[in-house]
Amino acid sequence: MTPTEGVGMPTPGGIGFQDQFSPLGEYALKIHNYALMPIITIITLFVLALLIWVVVRYNSRANPVASKTSHNTAIEVVWTILPVFILLGIAVPSIDLIAKQYKPAPKEALTIKVTGNQWFWTYGYPDNGEFEVISNMLNIPGQPVINNGVREVGSEAWDGPSHLEVDNRLVVPAGELIRLQITAADVIHSFAVPSLWFKLDAVPGRINEKVLFVEKPGVYYGQCSELCGAKHGYMPIALEALPREKYNQWVLTHPGAVIDGREEPAAAAPEGEGETVPADMPEDAATEAAV
Numbered sequence: 002m003t004p005t006e007g008v009g010m011p012t013p014g015g016i017g018f019q020d021q022f023s024p025l026g027e028y029a030l031k032i033h034n035y036a037l038m039p040i041i042t043i044i045t046l047f048v049l050a051l052l053i054w055v056v057v058r059y060n061s062r063a064n065p066v067a068s069k070t071s072h073n074t075a076i077e078v079v080w081t082i083l084p085v086f087i088l089l090g091i092a093v094p095s096i097d098l099i100a101k102q103y104k105p106a107p108k109e110a111l112t113i114k115v116t117g118n119q120w121f122w123t124y125g126y127p128d129n130g131e132f133e134v135i136s137n138m139l140n141i142p143g144q145p146v147i148n149n150g151v152r153e154v155g156s157e158a159w160d161g162p163s164h165l166e167v168d169n170r171l172v173v174p175a176g177e178l179i180r181l182q183i184t185a186a187d188v189i190h191s192f193a194v195p196s197l198w199f200k201l202d203a204v205p206g207r208i209n210e211k212v213l214f215v216e217k218p219g220v221y222y223g224q225c226s227e228l229c230g231a232k233h234g235y236m237p238i239a240l241e242a243l244p245r246e247k248y249n250q251w252v253l254t255h256p257g258a259v260i261d262g263r264e265e266p267a268a269a270a271p272e273g274e275g276e277t278v279p280a281d282m283p284e285d286a287a288t289e290a291a292v
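Residue 2 is where the sequence shown starts when you use this note's numbering, and the numbers rise one by one after that.
Any given hint could be a false lead.
[To be verified] As a list, the in silico DSS-like pairs of lysine-lysine whose alpha-carbon atoms are at most 25 Å apart:
id	residue 1	residue 2
1	K101	K31
2	K31	K104
3	K114	K101
No lab work stands behind these hints, which were simulated from the structure alone.
All values reported here derive from a predicted model rather than from experimental measurement.
Hey, can you work out the whole structure from these sequences and the hints?
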């Protein structure tokens, strides 16, 4: 799938969050835009106004005789209680967001295992026949080779941005809850895709689990977000979300793959197999029946 410019990837000059393509991301972005930013802006402007007022009103020239006031009960009560209410107002949606982010996946959800390595990702599909996909960053034309045997970015029409595109993407079905189980083979990595509001550490010897939901088909990019060694900056994440029927087609291109949640049909028995020959049948007749 060819990525869409500006969708699921950083944009030049961008200073805010990327557009979100998951319900959790949209909810978190609303909290940021309509709760946190207005509160932060109001507090910042209020404190700035107070500073300016103090500088102008209470400098040594405008106020040569300093006030002897040391306490003001009303002001102290207000500046103690008001921040408490502000913090409570921020805490309620924040805790709700955290709870939703770590709600367990339903039993029937597709499971995909992500393993961080120095310095590439391995994606395993236990529900689709246990096959694995190794994902390396594409080399950049005119620069030193990062991964031997991997082609250069831009050599295929569907390639995305340099430093973000890979040879084998993490392919998932769109519009479904997916159970991502994340671990590491060597040091701590971190699997992060900003446009899907997804970030989870990959810790050696431990499996961390979180639900991923991609609203619509597309290509979404991320990077390892934990310092993990010399090539930390060269292990990007490219996630391709496909409609379920196309995802199934992709799965079946791998040896031994099966469609998740679907039992394999029992092999048909050869004609005549399983039929018994009566013990009292004459030897010649028994041989003929067996044939």
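These are the hints, each one checked on the structure:
Under the criterion of a C-alpha separation no larger than 25 Å, the hint pairing K101 with K31 is consistent with the structure, at around 15 Å. Restraint check for K31 and K104: the C-alpha separation of about 20 Å stays at or below 25 Å, so the hint holds. Restraint check for K114 and K101: the C-alpha separation of about 21 Å stays at or below 25 Å, so the hint holds.
Comparing the model with each earlier hint shows no violations; every hint is respected.
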